[in-house]
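Visitor: Everything in the sequence shown is counted per numbering that gives the first Met the number 0, starting at 0 for the first residue and increasing by one.
These aren't lab readings, by the way, just hints derived from the structure by calculation.
Every value quoted in this text rests on a predicted model; they were computed, and no experiment measured them.
For glycine and all other residues, C-beta sits at the position ideal for the given N, C-alpha and C.
Mixed in with the good hints there might be a few duds.
Claimed, not checked - Restraint ranges, calculated between C-beta atoms of paired labels, are given here:
1. 88 x 212: 20 to 26 Å
2. 25 x 122: 55 to 61 Å
3. 22 x 233: 48 to 54 Å
4. 109 x 88: 24 to 30 Å
5. 250 x 44: 51 to 57 Å
6. 52 x 230: 49 to 55 Å
7. 99 x 23: 53 to 59 Å
8. 97 x 187: 15 to 21 Å
9. 11 x 182: 46 to 52 Å
10. 168 x 109: 25 to 31 Å
11. 249 x 168: 40 to 46 Å
12. 48 x 230: 58 to 64 Å
13. 212 x 237: 17 to 23 Å
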Amino acid sequence: MKIEVSAIQVLNRAVALLDAMSRYGEPVSLKFLMADTGLHASTAFRILAALGVHGFVEKTDNGLYVLGTRLLQLGHRVRAGTDVRRAARSVMEWLRDQVGESVNLTLREGDEVVYVERVTPARSIRVEQVIGSRAPLHVTAVGKLMLGEMDKAALMSYAGRTGLERYTRNTLAESQTLADAVRRDRENGYALDNEEAELGVGCIGVLIRDGSGHVAAGLSVSAPIERRQADWVPLVVEAGRRISARLGFTA
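Kindly produce the complete structure, drawing on both the sequences and the hints.
Guide: Here it is in structure tokens:
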């Protein structure tokens, strides 16, 4: 229990230091941060050093402190995630009503996709992805499209780094097979998950792009494989186009 309380106390002190720094429009000294937070010099110094290791705080050449670029990066990711969810929700509901199946919104984080939004049909038997759950890029439809944005060297690096773990007998677990598939998917503008992540489940996925043309998210329909239909592809593509347009993308 003492360790848990101590950890929370350190976290609270770190937040207090970050809050104090955010109130200054320029680099600030340890002395001012001590005065603002009531922390002793040694305590504040140790916490700031730890925050610096992770990029949350940076130290100038003359020994002053500023907020680090890691906070800016996280802020952009939160903003981007919020914006794309807001832009996507009503279109996802439209797509769900067209196909009668679950619709998912995913973001890329490193070598994985993260499910950040979903809409589901009223039917009792359906595929339902848990918000916050993750999957490797190579086992999902949108993940394969994201891999298709890479050059060959980056794709091979992904394959070596992850080992292309096999989730089912249909998983594309060989690097050349995956490379051929993602190239074809990119040319098609959509991708399928043919029971590659989970037996019995099939998906259709497309990418969502922002105003600069960069990939902002992935959109997919998930259904029991026996219910998935090829004529849903134009609907999924259209939904992706609508969301991308809301984010400022023009083809």
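Visitor: Would you mind marking each hint as holding or not holding in the structure?
Guide: Results of checking the hints against the structure:
As the Cβ distance of residue 88 to residue 212 is approximately 23 Å, the hint placing it in 20 to 26 Å holds. Taking 55 to 61 Å as the suggested C-beta distance range, the pair residue 25 and residue 122 conforms, at roughly 58 Å. Range check, residue 22 to residue 233: about 52 Å between beta-carbon atoms, so the 48 to 54 Å window is met. For the hinted restraint 24 to 30 Å between residue 109 and residue 88, the CB-CB distance of approximately 25 Å keeps it satisfied.
Under the hint 51 to 57 Å, the C-beta atoms of residue 250 and residue 44, about 53 Å apart, fit the expected range. At about 53 Å, the beta-carbon gap between residue 52 and residue 230 stays in the expected band of 49 to 55 Å. For residue 99 and residue 23, the Cβ-Cβ distance of about 55 Å falls inside the hinted range of 53 to 59 Å, so the restraint holds. Restraint check, residue 97 to residue 187: a C-beta distance of roughly 20 Å satisfies the suggested window 15 to 21 Å.
Between residue 11 and residue 182 the beta carbons are some 50 Å apart, a value that agrees with the proposed interval 46 to 52 Å. Roughly 26 Å separates the CB atoms of residue 168 and residue 109, a value that falls within the hinted 25 to 31 Å. The hinted range of 40 to 46 Å is satisfied by residue 249 and residue 168, whose Cβ atoms lie roughly 41 Å apart. With their beta carbons about 59 Å apart, residue 48 and residue 230 fall inside the hinted range of 58 to 64 Å.
Hint check: residue 212 to residue 237, Cβ distance near 19 Å, so the stated range 17 to 23 Å holds.
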